[in-house]
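S.K.: Take the sequences, apply the hints, and build the full model.
Residue-level listing of the chains:
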Amino acid sequence: MPKDGIGAATKRREDVRFLTGNGRYTDDINLRGQAYVWFVRSQVAHGKITKLDTSDAAKMPGVIRIFTGDDFAQVGGVPCGWQVTDRHGKPMLEPKHPVLAQGKVRYVGDAIAAVVAETEAQARDAAEALVVDIEELPAVIDMKAAVKAGSPLVHEDIGSNLCYDWGFVEENKAAVDAAFAKADHVTTLELVNNRLVPNAMEPRVAVGDYDFSTDHHTLYTTSQNPHVIRLLMGAFVLGIPEHKLRVVAPDVGGGFGSKIFHYIEEAFVTFAAKQLRRPVKWTAQRSESFITDAHGRDHVTKIELALSKDGTFQAIRTETYANMGAYLSTFAPSVPTWLHGTLMAGNYRTPLIYVNVKAVFTNTVPVDAYRGAGRPEATYQLERVIDKAARELKMDPIALRRKNFVTEFPYQTPVAVVYDTGNYNATMDKLSEMADLAGFEKRRAASAAKGRLRGLGVNCYIEACGIAPSHLVGQLGARAGLYESATVRVNATGNIVVMTGSHSHGQGHETAFPQVVADLIGIPAENVEIVHGDTANTPMGMGTYGSRSLAVGGSALVKATNKIISKAKKIAAHLLEASEEDIELKEGKFSVAGTDKSVDWGSVCLAAYVPHNYPLESLEPGLEETAFYDPSNFTYPAGAYACEVEVDPDTGKVTICSFAAADDFGNIVNPMIVEGQVHGGLGQGIGQALLEGAVYDENGQLLSGSYMDYAMPRADDVPFYKVDHSCQTPCTHNPLGVKGCGEAGAIGSPPAVVNAVIDALQRGGHDVTHIDMPLSPSRVWAAMNQA
Amino acid sequence: MPKVTLRVNGREVSGEVEGRTLLVQFLRESLGMTGTHVGCDTSQCGACTVHVNGLQVKSCTTFAMDVDGAEVTTIEGMANADGSLSVIQQAFQDHHGLQCGFCTPGMVMAAAALLKDNPKPSEAEIRHHLEGNICRCTGYHNIVKAILAASGQDVSAIAAE
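One line per chain: the protein sequences are A and B, in this order. Residue numbers for the first sequence follow my numbering, so the first one is -6 and each next one is one higher. Residue numbers for the second sequence follow my numbering, so the first one is -8 and each next one is one higher.
Only true hints are included.
Below, in silico cross-link-like pairs of lysine-lysine (DSS-like), each with a Cα-Cα straight-line distance of 30 Å or less:
#1 A:K646 x A:K715
#2 A:K579 x A:K556
#3 B:K111 x A:K443
#4 A:K556 x A:K(-4)
#5 A:K4 x B:K111
#6 A:K52 x B:K(-6)
#7 A:K582 x A:K560
#8 A:K590 x A:K563
#9 A:K715 x B:K111
#10 A:K141 x A:K97
#11 A:K137 x A:K166
#12 A:K435 x A:K715
#13 B:K107 x A:K4
#14 A:K302 x A:K175
#15 A:K83 x A:K141
Label pairs and their in silico Cβ distance ranges:
#16 B:G45 x A:R6: 31 to 37 Å
#17 B:G10 x A:E312: 55 to 61 Å
#18 A:V688 x B:D108: 36 to 42 Å
#19 A:D208 x B:D108: 57 to 63 Å
#20 A:D208 x B:N44: 49 to 55 Å
Chain B regions said to be covered by chain A (calculated; three or more residues, Cβ under 8 Å):
#21 30 to 36
#22 82 to 94
Hints are computed from structural coordinates only; laboratory data are not their basis. Yeah, the Cβ is synthetic: ideal placement off N, Cα and C, and Gly gets one too.
M.R.: Below, the structure is given as structure tokens:
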């Protein structure tokens, strides 16, 4: 194995360009003759456009053209990529989503018109001069009010604000209700999973270009999945066939889900570039990102856990209202359903589960996947209700969890999915050691001596990653396959370029993927380079989200590399005048078993491209292979997390004293990158628990619409984290045995923080059983002083 | 339009600007130096951090005209003269102090300003100094660790490599 193969903490090669200012992000791209667009957006949450007068604006300096909804009357709307079927077998309600508003606005931020001018400043100035009259309609903000009879409708034409009423598993409902009716103990918890704004540091940008001589469109965009954008925008919105449309997502400054989706601005710049025959660029202002990037979470949930006297879980029943916002974003319907309901078993043997989800339209920004997507919502409610149950039954919360752990694998959950492997006691053991749980009491006493309330919160999580088996997601309503692809191109002198359908926007593919290829062949990783992010250069791939890059994209990479090795062995057999079965590949050298005859990797590659001595009658020249990989199951990373907090009883301020995470990600390719992914997830999860929250007023104004108002973790809000990934139960169904690590931290950490704060308050004599996130000082203080 | 002349990374540059042109716009659009980034519009995120006459400033809230005649250093000017990574840049790579790279230029500029005034900062001092720089990827762990390491302090006791 080369020293920089699988398992090596190889430093990232992409860092050099990022550290020297040589990254190439979409906003760094400027095309000759480029014009700029500024979108005129609705400042009210709900209303009819009664007047739209562009005449003064059109006369402003530099204005090239002003587009309105009329220009898009014949253009398709933005499609939704997932159709959920409700409890009664009916398809979800699916409203049209026009590129520019057609007579009505449905959220603050909805695009009404687009001003294209010579400079961004001129476009912005002209946008100010545009006259828009809107007859305001009552805004629908609260989900439970939205589904009551007589509520104003976000979309009159579909007749209801209830997108779907989903039951899972519907056939289990009666049995679950019966189990609750005779349970020894039922713990009930009502909670809110707070609405979040993903806030990748790079705002979204889109640059459209059109070559009239070839009728060829190019879109440069901040995307996690350029092929998906090409397919959605080309086929459904603008009617551009794939061979006439190239989508490039160069360096992308973070995504966290928010850059999966196809947004109207991408369609606009592509459309306008053709209309104007010049490139058109849009760069979001951060305040614009807040009201246009899809938000995350926003669930209101009631969860009930039925237990026997000894603490055995008997049944779970949940009812959730899930906010869809004003339109269905690309994968929005799947998040509260198939990415949430299927995870409600958690790490536990609960024989009966029923999950009800009501997805609701409101006059707010569309809501879709954000780091974890559905799984944090499942984990949070489950791990919170277990803690509450432990308290009610006067049981140790860790012991209660251990008592109910799944211990035998594969495990068929009552919510469809089958866990292939895991060892939840092992991660809990590891956590106890690394977090020094035994020493908590001493630390608590020390905090108490300073007048602080110290608490310990522990929880587990499981997630389903590596989405997904296409045949399965197809049955569940996905309008896409979810495979991944890789082309391995071996050059004549033996170095390799890999074209992957995955996309890196911080995950380090350019470093980790070569480690895999290098390991399989036995050459240095530096001889392997990764190309990604350009539909012109990469095979059709579904991109990066759901912790799927290595589990799915990496598996495609292994498949393609194995095809290369198989062919190379045939060439080596010819060169060595041996039988193919006798050829062994070790450390970049092909040898004939049991002999000293060998030929090195480079010579075989050269023979493939200079086939003077080559079996041309049976083998094509060249050495390039493509593979597509479609997994047979999800992967199931799991772990146990512990958080210790101090609460200042005078102010309610929560300080994170320590955070420990013991994860099982299966096999690890680059431990340095894995740890970085966990750190980042913990940062976002702690942010959700303590700081973050998108807040709308009753009129639909986003009150937390800038970095002045929306609190994200800063360096002094978080501690150094303790992370461990030594508990490894390799995935049983992909060739690398990997599971995915990108979302774990964000999934597992919010309940640990909240459990810790509740623990601190309880130990401090406050009868507080729950506080909704974010646990701001005012909320904590109010809870302490009311109870 | 008024003209400004300044030295950027030791090189004299000049250009015409509007009164409202921000330093970051001048750097990115007039000079094509796109290493300095814009992550917000309220002067919170720090991705646009540069040094003006040796002081750490946010170039998104500085008018280009206000720095006429100034000495400006950007991320493009931070590597060693031979093009190799500086101690701070190298520490960020060694300790995985960046992921998507978007906030990174600002983080490096902030770290350089801190270490100039405080060559051996404590963990708390580093975290406090970075209050004006937001990173969404790293959870700050490896950024703080990298800055400690860049200051020559032992980071081996900090969990995880």
